[in-house]
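K.L.:
Here's the letter readout for the chains.
There are 2 protein chains.
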Amino acid sequence: MTISITTYDWVPDTAVGYVRDLRIRWACEEAGLPYDVETTSVREKTPQHFARQPFGQVPILRDDALSLFESGAILLYLGERSEVLMPLDTAARADTQQWLIAALNTLEPVVMDMALVRFFDHDARTEELALPRLHVRLKQLAPLLKARDFIAAGRFTIADIMLADVLRIVDRMGELASYPALADYMNRMTARPAFRRAHTAQVHHFAQAV
Amino acid sequence: MTISITTYDWVPDTAVGYVRDLRIRWACEEAGLPYDVETTSVREKTPQHFARQPFGQVPILRDDALSLFESGAILLYLGERSEVLMPLDTAARADTQQWLIAALNTLEPVVMDMALVRFFDHDARTEELALPRLHVRLKQLAPLLKARDFIAAGRFTIADIMLADVLRIVDRMGELASYPALADYMNRMTARPAFRRAHTAQVHHFAQAV
Numbered sequence: 001m002t003i004s005i006t007t008y009d010w011v012p013d014t015a016v017g018y019v020r021d022l023r024i025r026w027a028c029e030e031a032g033l034p035y036d037v038e039t040t041s042v043r044e045k046t047p048q049h050f051a052r053q054p055f056g057q058v059p060i061l062r063d064d065a066l067s068l069f070e071s072g073a074i075l076l077y078l079g080e081r082s083e084v085l086m087p088l089d090t091a092a093r094a095d096t097q098q099w100l101i102a103a104l105n106t107l108e109p110v111v112m113d114m115a116l117v118r119f120f121d122h123d124a125r126t127e128e129l130a131l132p133r134l135h136v137r138l139k140q141l142a143p144l145l146k147a148r149d150f151i152a153a154g155r156f157t158i159a160d161i162m163l164a165d166v167l168r169i170v171d172r173m174g175e176l177a178s179y180p181a182l183a184d185y186m187n188r189m190t191a192r193p194a195f196r197r198a199h200t201a202q203v204h205h206f207a208q209a210v
Numbered sequence: 001m002t003i004s005i006t007t008y009d010w011v012p013d014t015a016v017g018y019v020r021d022l023r024i025r026w027a028c029e030e031a032g033l034p035y036d037v038e039t040t041s042v043r044e045k046t047p048q049h050f051a052r053q054p055f056g057q058v059p060i061l062r063d064d065a066l067s068l069f070e071s072g073a074i075l076l077y078l079g080e081r082s083e084v085l086m087p088l089d090t091a092a093r094a095d096t097q098q099w100l101i102a103a104l105n106t107l108e109p110v111v112m113d114m115a116l117v118r119f120f121d122h123d124a125r126t127e128e129l130a131l132p133r134l135h136v137r138l139k140q141l142a143p144l145l146k147a148r149d150f151i152a153a154g155r156f157t158i159a160d161i162m163l164a165d166v167l168r169i170v171d172r173m174g175e176l177a178s179y180p181a182l183a184d185y186m187n188r189m190t191a192r193p194a195f196r197r198a199h200t201a202q203v204h205h206f207a208q209a210v
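Listed in order, the protein sequences are those of chains H and L.
Just so you know, we're using this note's numbering here: the first sequence kicks off at 1 and counts up by one.
Just so you know, we're using this note's numbering here: the second sequence kicks off at 1 and counts up by one.
Read the hints as simulated data drawn from the structure, not as lab findings.
Every clue listed holds true.
One copy or two, either will do: identical chains are not told apart, so a pair holds if it fits within one copy or between any two.
In silico SDA-like pairs for lysine to any residue, Cα to Cα no more than 20 Å straight-line:
id, residue 1, residue 2
1, K146, G56
2, K146, R52
3, K139, E128
4, K45, H135
5, K45, L138
6, K139, E175
7, K45, A142
8, K45, G56
9, K146, D171
10, K139, F55
11, K146, A183
12, K146, H135
13, K45, V136
14, K139, M173
15, K45, A209
Starting from the given sequences, assemble the full structure and let the hints guide the process.
P.N.:
Now the structure itself:
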């Protein structure tokens, strides 16, 4: 049975290309896993949506009888389906999971705090608190990505999908420019044909939305 | 070889019982995995620390040649070592990973934002922005934990360790009281003998610190 990815039926123009179904599309494209797309209303979230995703978020994966949410958990699941996404070797696999989680739990929260204040809250003091917390993490990450092509396991993995997609948000806020190693890494990852196909598909999906 | 958990050599009194090595101690206690504790300086973080943990955080796990950071990744690793912590069945395992990640990526960021403002930043507008974002998530979570004993897979898993430990922070801020189902769940999890042993060991560790 084909994998199905549930995403929103519509998002504002500013979110197009950044909805987290992109991470799942990208993984499927890398692994050659065909997928369908289902939609759920973003403006009037349905009981059916909350039954599958208690926080009303997307993406949600459907694979046969399995329904799974959280982009990080879906990437782990797909990583277990395809060695293209996550190595089988215990140490390399642990390294992959470590960096997937670091991207989700150490980087993404400080990135999203800045994105919230920059795009929604517009509160000067909140930004003043959030901005240095973001840059502490970017400064710590930069030397690592100067010294390696991929973040984990010496090869492309789901950790790169997660980390590069988090760095895209930083780039969009104009905060990545002072870290050439991070910008180069993000550009290398997003130049991959699988990313391009996934990105094009998401843009196309929302261009057709009403 | 025995597992080793690296934590700080000292933390302020207010952090005792809440340092994230607790999650790893708890998992080891549940699974009957013996462990040693190593320390690293919190006041003068060393190059050796940053070499093992680029963000200067704890905990770090050592298992033979493997050195692993991020409490979520360490729990996944231990979950693969012991079925007591994570089921082998594909669907139950995916459910466990889904809730581990939801606790880390959907709940912990809004919890930590509130903890930062409450314990460090003391900025009224930032709190006014952060507080409703926390309560949206708690409201969505509460009905689920009213209807089940454990968050994932119908049994105790690493997802309970992560979720219960995140809810402890909410409880400490006095924001859990209006969610009896969440408070009951947290109390059930932290009444487990393995949690009690882990908590006592952490408190004892920092009581001896200088």
